[in-house]
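Number of protein chains: 4
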Amino acid sequence: MRIGMLTGGGDCPGLNAVIRAVVHRADAAGDEVIGFRDGWRGPLKGASRPLNVADVAGILARGGTILGSSRTNPYAQGEGGADAVRATMAAQGVDALVAIGGEDTLGAAARLAADGVRVVGVPKTIDNDLAATDYTFGFDTAVHIATEAIDRLRTTAESHRRALVCEVMGRHAGWIALHAGMAGGANAIIIPERPFTVGRVCDWVNSCFRNEYAPVIVVSEGAVPDGGDELLAAGGTDAFGHRRLGGVGTWLADEIERETGAESRAVVLGHIQRGGTPTAYDRVLATRFGVQAMAALHDGESGVMVALRGTDIVRVSLDEATAELKTVPTTRLDEAEVFFG
Amino acid sequence: MRIGMLTGGGDCPGLNAVIRAVVHRADAAGDEVIGFRDGWRGPLKGASRPLNVADVAGILARGGTILGSSRTNPYAQGEGGADAVRATMAAQGVDALVAIGGEDTLGAAARLAADGVRVVGVPKTIDNDLAATDYTFGFDTAVHIATEAIDRLRTTAESHRRALVCEVMGRHAGWIALHAGMAGGANAIIIPERPFTVGRVCDWVNSCFRNEYAPVIVVSEGAVPDGGDELLAAGGTDAFGHRRLGGVGTWLADEIERETGAESRAVVLGHIQRGGTPTAYDRVLATRFGVQAMAALHDGESGVMVALRGTDIVRVSLDEATAELKTVPTTRLDEAEVFFG
Amino acid sequence: MRIGMLTGGGDCPGLNAVIRAVVHRADAAGDEVIGFRDGWRGPLKGASRPLNVADVAGILARGGTILGSSRTNPYAQGEGGADAVRATMAAQGVDALVAIGGEDTLGAAARLAADGVRVVGVPKTIDNDLAATDYTFGFDTAVHIATEAIDRLRTTAESHRRALVCEVMGRHAGWIALHAGMAGGANAIIIPERPFTVGRVCDWVNSCFRNEYAPVIVVSEGAVPDGGDELLAAGGTDAFGHRRLGGVGTWLADEIERETGAESRAVVLGHIQRGGTPTAYDRVLATRFGVQAMAALHDGESGVMVALRGTDIVRVSLDEATAELKTVPTTRLDEAEVFFG
Amino acid sequence: MRIGMLTGGGDCPGLNAVIRAVVHRADAAGDEVIGFRDGWRGPLKGASRPLNVADVAGILARGGTILGSSRTNPYAQGEGGADAVRATMAAQGVDALVAIGGEDTLGAAARLAADGVRVVGVPKTIDNDLAATDYTFGFDTAVHIATEAIDRLRTTAESHRRALVCEVMGRHAGWIALHAGMAGGANAIIIPERPFTVGRVCDWVNSCFRNEYAPVIVVSEGAVPDGGDELLAAGGTDAFGHRRLGGVGTWLADEIERETGAESRAVVLGHIQRGGTPTAYDRVLATRFGVQAMAALHDGESGVMVALRGTDIVRVSLDEATAELKTVPTTRLDEAEVFFG
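Residue numbers (full-length UniProt numbering), protein chains in the order written: chain A, 1 to 341; chain B, 1 to 341; chain C, 1 to 341; chain D, 1 to 341.
Keep in mind the hints are simulated off the structure, nothing from the lab.
Hints are supplied without guarantee of correctness; some may be wrong.
Mimicking SDA-like on lysine to any residue, the simulated pairs with C-alpha atoms at most 20 Å apart in a straight line are [unchecked claim]:
# : chain 1 : residue 1 : chain 2 : residue 2
1 : D       : Lys326    : C       : Lys45
2 : B       : Lys326    : A       : Arg309
3 : B       : Lys326    : A       : Arg161
4 : C       : Lys45     : A       : Arg161
5 : D       : Lys326    : D       : Gln92
6 : D       : Lys326    : D       : Thr260
All figures in this text were calculated on a predicted structure; none of them were measured in a lab.
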């Protein structure tokens, strides 16, 4: 069998570990693997390279993806859809695809499967907001990096009796903020799932100072205050990431200082959360995903993706997997609130 | 309610995170907490200290346990058993216990519960070999440390074309070796669950050198060769850890060099795997365990322990939890073998 | 002898290591130590606490300062100057001071020494811009953190063929950018000592893309373009760190994208560079500074500070030490430019 | 000009950074570089590969050496000496050599220079025991790794009230033990420069336990007790590193337990100290060494090596550099002893 592999969407620590695992597992079974470049652009335009065991030596611990990535969608206007993908596969003798990516990449994979392309998916999202899998690789690394940052901010907060706001990734789901905030002992965690009021946050801030602590507040980039108009005004939509650099974190530090009079600072972690070497946890999960994606192909599967359930790697339909966003349940946030203030 | 808490068995990153969580959750509910010193010795002899929110400030990220630990078993000859524990609890006005520990500590807790002592358990084992929970805190930290070591050994192996053997913890179960080996891209992983032959290991070693790699072999301290007599001879049972320092890892490096003629070295990670700051993963898990242990007490539970199932914290009977050892299933080792040689 | 110790200015990893060293060295000599709170505010207002060996247990590896800090200057309008300091010292039986801080803190120490107060200084600046010492503690930690971030940004840059701009600390001197940039293999390093042109930066960016690399540019927060008016306009002077969060890094990424058409992103490391546990290098340097500051007092010195020269800790006059800013010499930047583009 | 480069002796983090720097600097000057394989074996047998800028992409942060290493000495019986080296250089059109290594490698370089071969040296020793340079790359990384280990051992020591002995590298000089011990807050540091008595060590151990601490003792692998016969008996000279794994650390833990009755454990860090990614400090130093070695060649130098003096890279004669071992001066150990017990 000849397998074509691609990585789509934002980069994520562990992508190379999946690539390596697919190649090793294929090699063990006597299959060939080629890597398509830049997400779906590869299968559409035909840009690819052979991948053998030697090609993936030493990439397990490397962040990013050796295949490059893109947000190209085969079903977008003028991209040629399933026919273009099939044509490339036929021209390069590719029997099946392994598509590694998030909602968009896997959504396209689901549609291709419905259109008769043989494809198995591997879920990837740093935000951990993909339904049907307990965790995705890259998330643990992002939480690890954010936690390290929170540990550092705490010592500077304590030394200067300042409030420090740490803005982490998470546009629609607060998983990174929740886990990094719990791991870092945050005095408040603010996530998109629960609109916040500056007043409530300032109550926590003031109670920290009363108890001789300096507060560290962790906030998801996608968190919005009740009636987020002010934020919208403050945040803007500058194409150069002003939303990211001048977003909710900076705005909130500003509000806290104005309301409480306590010196406040914001740090926006941004891209450092998604790069670098994956944690051991993510390397293991990504490696298992790669091995089991190949196993699924060997079992004749298509239109499924691998997923983590407890300690097992299972297979779920791509439709189901991409149907809904996995957000933080109220019970998890309540668990964290025990430590607020 | 007044809760007594203790930590038993070997130390483990995350113990302090559990202690902190129990105290915060109790404080939020208006309960008092006292910490018993040195595992079950505390409730037997009465050595304890009050624990309030201020006492646990800043311990979340610290390894070890502020309560100290011991291997004392209340049911051991002359320790006084349930009566002694009850007497101390009565004298100090303690209504219920939170016992944090591994098989032995929780086994005693189960027996005390059967004898009418109100107790909830929190599972702790770096080896991850406790049944009834997907993972235990401390394990991820140990895997992280071992993986870092393997990453380092690889570069020195490559530079000198040596075989490097890394001995990690795991007397009865190979979880640390399996995960750290997968995460570090080990060329062979040897665990107690599957007796090994030097010949097989040397086949992997030779195939690495043929393919211009330098092999890194990860071995559990409890792994034994088919007919482990030679090892026993080599290892001995010296009370000063000679078993650890001169055990299977050193012996195997010796055998590999003799069989293959390739220069071989062994590193025994030993205690550095169980100390230091817990990973973000372990801090979150330990914190959730602590919160949910208190929730169980508030629900009037006894004789149960908290456990991780998928992403949920559930409650399982202490008897069930300590009934059997959780070893590595064959399927997981097969998954890893894809990368051997 | 009874010594009063204080930490002034911005917090810096290693301050606690100095405090611990002073206390241990004093204890060994039979001296007493008290810690003044919040920089010079302590000696002015009298807020202090005794410090013995037990008080400093476990702080060696902790960032920040257990004494708190401030920017209070005893010679500022209404602070009371040398008389107020002498009065507090007399009231608390303090014979001499150990002042740990940067230009401002040591400048005040120099003036107090001239006014007859017995004081020895310990230099502290993350920016490493203090004359008369080869290095200051905190700098290596900041470089370590920034280098880690650059390593992470590189993988994401490569995966998306983006230009990534990393803004690091350094208002007047580019030491952190120079060292972190060299250590991270930056494709351009921009520092205050050498005004830059967007055109030159874009030449490096384009040459990277031509050679199939994705550029990572490291820029000091204090770097200014030739004729920095646009920047001033972009940066603003928002009291809530907008200068920091929306400063040269964001502006430069914006310019690069506009000039080259290549997707560009900025990350501003901000406060995470100054917090957290110090590197081994900084712990050793800070510890030696503390020991040698006490040795200077024992030798009857005043008006001097300890400094690193090669591998030796020497004593230099506080006047000399605070006379001028240590900026990056041209030769060092030329060394780095070998790797640009 | 055409330069031949080689790396000799034990591997060391930063070797690849030197290689990269030499290639970039040569490329900027229009020179060619070839890399000889496996230390002096390359120039003797002719095994080499061209090295251009693309070949060294991404190696800056990688431990080990892409050129491989060996302990081959060109002047050893039957190796052919200067004539063989000259013959290879002539055959491959090599004008000059850059030799990166420790005492042996540089000793051979010095002799080749005397015999008319044009060669510049770059010092390399993890032990930091090479005279004529303040520091060598690799040392800071080794200290960083050892310090991390000591931090971890402390928490486990505290939790179990055990004495923990950490054996680090350093056969003839105690630099790693001294710096890692100071950085880790060791309660005793034992180095080859000062023979120790078990009695003295036990005094420190007992004073720790009296003051409610658990002692962590750092010992160089080359440390010997007054009259080291017992140790010799215990250590042996097993070719498989038994000296390393069963050496002074294990022996000392054994003695401490016997003398004090306190449970004692030993950890031997071994090879993990010399592998993995270099610290930022070492990457900068190694990069500067590489750049300045090429600069020396461009200035027509031969028989010199680059060295760090304060913050400057200077040139010293290879004869001088290899003349004597740099051991820890008494003053430095006295500085550390302030913290013992």
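The hints, checked one at a time:
no., hint, verdict
1, Lys326/D with Lys45/C, "violated, 49 Å"
2, Lys326/B with Arg309/A, "holds, 18 Å"
3, Lys326/B with Arg161/A, "violated, 47 Å"
4, Lys45/C with Arg161/A, "holds, 18 Å"
5, Lys326/D with Gln92/D, "violated, 37 Å"
6, Lys326/D with Thr260/D, "violated, 35 Å"
Violated hints for the displayed structure, listed by number in ascending order: 1, 3, 5 and 6.
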